[in-house]
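Peer 1: Once you have looked at the hints, place chains B and C on chain A.
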Amino acid sequence: MRRNLQDGADPGWNRRAFLKVSAAATGGLLVSLYLDRFALAQEATSAAAPKVYPPDAFVHIRPDGTTVIQVNRLEFGQGIHTALPMILADEMDADWSRVVAELAPADAVYADPVFGIQMVGQSSSITDSFTQYRELGARTRAMLVGAAAARWKIPEGDCRTESGVVHGPNGRSATYAELAEAAALIPVPKKIRLKSPNAFRLVGTKTRRLDSRPKCDGSLKFGLDLDVPGMKIALVAHPPVFGARVKRFDAAAARAVEAVRDVFEIPLARGTGVAVVADRFWPAKQGRDRLRIEWDLAGTERPDSGRLFAAYRDLARTTGNIAVARGEANAMHAIPESRRIAAEYEFPFLAHTPMEPLNTTIRLDGDRAEVWAGSQFQTSDQLAIAEVLGLKPAQVAFHTEMAGGGFGRRAVPDSHIQREAAAIAKRLRGVPVKLIWTREDDVQGGYYRPMHVHRVEVGVGSDGLPTAWRHVIVGQSLVAGTPFAPMLIKNGVDSTAVEGAADTHYAIPNFHLSAHHPASSVPVLWFRSVGHTHNTFVMETLVDELAMRAAMDPIEYRLKLLKPDAKRVRSTLTLLQEKAGWRRSVPREHAVGIACVQCFGTAVACAAEVSVEEKRPRIHRVTVALNCGLAVNPLTIESQFQGGVGFGVTQLISKGAITLKDGRVEQRNFDGYCPPYMKDAPAAVDVHIVRSDEKPTGCGEPPVPVIAPAVVNALFRLTGKRYRTLPLTTL
Amino acid sequence: MALVLLLAWPPGCTASGQAAHENGPSARATSQAPQAEGLAAWNRIYSVLSHPRCINCHTATNYPQQGDDRHRHFANVVRGAEGKGVVALQCVSCHQEANADSTGVPGAHAWHLAPLSMKWQDGNDRILSSAQVCGAITDRSKNHDLDGPGLLKHHTDEPLVLWAFQPGRDIEGRPRALPPLTHDQFVAATRKWVDAGMPCPPIQ
Amino acid sequence: METYELTVNGRRTEVIADPGTPLLWVLRDELKMTGTKYGCGIGACGACTVHLGAIPTRSCAVPISLVGSRPVVTIEGVGRDPVGRVVQDAWVSHDVVQCGYCQSGQIMTAVALLKAIPKPTDADVEQSMGGNLCRCATYVRIREAIQIASGQLK
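Chains as they are written, first to last, in the numbering used here: chain A, 1 to 731; chain B, 732 to 935; chain C, 936 to 1089.
With the rest of the complex left out, here is chain A (with noise of 0.2 Å):
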């Protein structure tokens, strides 16, 4: 059963997401997306009739049993390599132990069902793409299940399905694989039935990775390890100032480097560089290296994190864009001056640095292209090669590459990546050519987490519970410009820059949060959970203010100021009391913090216990309860909060920040941006998860805003100070 994918053939998208491609003012194409989620989630109750994805763009089953199915997203260690296969095999009654899970190349057929494009992120994965794959699953059953049938001449009800074999009465049976041939001319059935939740066998249990082994014996290739035949290696010159372009340059002793091929200007998604193809990394390396290039500095805006901080400083003190003004505006002034707390918050820029380096591998032959990538964003990214190589998008093969790390870092709106790879290609003709960016490359190279300035004025009412508050919001707004601006731009407010903020759980009557969005010419995106890791920083440490002040529980404090419909965040808090008993008798020089968050539809809690070592805080302990809904596979679920955690610890490691002085990025590699290592993550993890059957929720990135808010309510205790900027120089 394999369709076949080259033919270009259109199975049509879903209705209620559509693409629109129109001319853009500096000419070539602009991919308009038209989306909404929230008009989608008020739809849900709409008559158009849902997308029936076809079995065998998913599911191969191979004459010796072996069933591959396709995973419509990246991996990138979130382990929906390992889940969205579960997902579909259990409807199917597939034999698990001869799953094979490859990712899917770019094609229509595997975008996302509610964004309508191919993606992950947002933690969607499952969210998105659980019932699809449910569906997938079960109608390859019922294909299956109508072959033996029909081959058995009996109903379809007499048969039963398990492990890969369907039976029949009277002892008769047939593998899946005997039937895949017939079952392929079966019509793919619109209507399915779908396990209830108790005839799951995988879905809902610990289940080992698919793509353990061949990541612990060195034979699972990466982007950056592909080799194809005559392949080239490509590093470019970038400007050292974001903006800047090739003024001239002198290339003789970079081609004097033996096994150094060409040496060229190329333009960037923002000024232009050199690129050097060689044949091999070290030869384009020491190319690159001895290039004398002289940059054009003028116009470009020269961004300098202390004249930046003061500047959102000095904006921070005025009212915003409004994102939420609930209650009366001047509940404020009703509360006496000894019970407000002001605070203002400052959030320098942060790298993703995944461990992979960033990496695209092209070749341009006449009127195709092949192109292997580990991209987040295959859509677009795809659209993008097409249009720097004079193709359309069916002409370009875009394999899907396992990726060594994402966090939001390979699902770039512009495509840089890809238009610097493919702007080469297209120079080497015929040659393929991956193009590399080293470490450093990373480390300066922006798309960076925005910096932010926060300025909170809370108000207490005699209860002890926040009756005012008034919050404004400074950061760069991640989508101005690019195709989700229209969708998550309202009023003026990035809604990406106040979640965890705006859409807080927590019952304030009167309360007024506005942003502003400086431009600025330091290239930035999403990180790892988003406006989740600012703004639930500054939410749970304040919340941690106010329990103090109240002479209240942290705990307990906030399941009291919690909106009576946050269920799920209740049902953390409450699992986290139950869980986290130990907290009430930790060695004398060690301090547990709290904190919670509703992330992308899952809730987290959590308690860590820290102490203060070689003046950095030392975190000897987290214990961690969520609530994802339905859990489809909880040693992922375990892993990616014991690893969240680890990563939102990035905040506050004191090297832990880009900045930039005059322009130019301080930091060049992990000498200078050091992301945590071992003794600075929590030394060990409990998790808990609420048992729900609930449609689930994703997993990817509400551990990570918990963590740092947790520790410095811990160290407050420890110290008697609050750190409200980051991130933590001395202690």
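Keep in mind that a hint or two might mislead.
Said to hold, decoys possible - Stretch-level coverage of chain C by chain A, calculated; a stretch enters the list once three of its residues show a Cβ under 8 Å from a Cβ in chain A:
1) 943–957
2) 963–974
3) 1018–1030
4) 1035–1042
No lab work stands behind these hints, which were simulated from the structure alone.
For each residue, glycine too, the CB sits at the ideal point set by N, CA and C.
Peer 2: Below, chains B and C alone, put in the same frame as chain A:
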């Protein structure tokens, strides 16, 4: 200065070098070599010892430093029981027998940290005074029992000492900053100082 | 360009490379052994860790000209070592990996630790593994897998 034997830092003995005065300069100084010349020679020696190329491995902590700004060495490398790192993250996991200019990693034979008895900084990474370092260097209970000639030989022959004067290039191809003296000048100053009886400046 | 003789995972081989080429890129680009990973190129992350003359070594830091006759063991070969096999199996049974990119280096480092200290304390683990970066922060499961492997060693 690579003194391989671990010498325990004697309890109650501070870095002030006061213990050194028991068999210190006043006991050793002779009337033949002018004290002033000897002290001047020591100052030249100290200018080398306190230079990053030397002092980065003479720390009081469980980590080395790197760079001209003497920041803590990246990747959480630690001293280990013998100053060679720990079993799976040794100094020689990166540092080879010679400088690797193409990768920016300095190297010399048996790269490792000076023992804690030869710390020339305090626990806050501040360089000790000339008097304190002189006291430590001349204290035979701390310096691997080296006398004057022994110190001279050490300064002349020890590979890690020699390295400081040919420290190779960093990852960006820039030659590392050199100590204020050449190796020959350093040896000459040491000879002069030893001949003068290894006088130490007074503790302030 | 010079010719170098190398012994990698027990096999003798010859490569032609510029003397300054890091061992990492000789392995990856000349010998097509891509299990050893490029993470930073400056020895700060450990993804490039191999065993060089039985010492865990960051191969991005060592130019081919300084390798000499010391044998090289990479992630592709460490499974033939009894400790290596136990560590890899523990990594798989305990579901350590997420993106997996750092894990070649983590495993090579863990194997070196366990060969020297079969029963490491938490402090031993943290010091020896403390210089290997995992951006997915799988550190908790790495610690646990090392103890699982340790329990299976004599």
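Peer 1: Hint by hint, note whether the structure agrees.
Peer 2: Results of checking the hints against the structure:
Evaluation of the coverage hint for the region 943–957 of chain C: fulfilled, as 5 residues show C-beta separations to chain A shorter than 8 Å, against a requirement of three. Coverage of the region 963–974 of chain C by chain A holds. Counting CB-CB distances below 8 Å, 11 residues qualify, and the rule asks for three or more. Judged by the Cβ-Cβ criterion of 8 Å, the region 1018–1030 of chain C is covered by chain A as claimed, because 5 of its residues qualify and three suffice. A count of 6 residues in the region 1035–1042 of chain C with a Cβ less than 8 Å from any Cβ of chain A is obtained; the coverage claim is therefore met, three being the minimum.
This entry satisfies every hint, going by the numbered hints stated previously.
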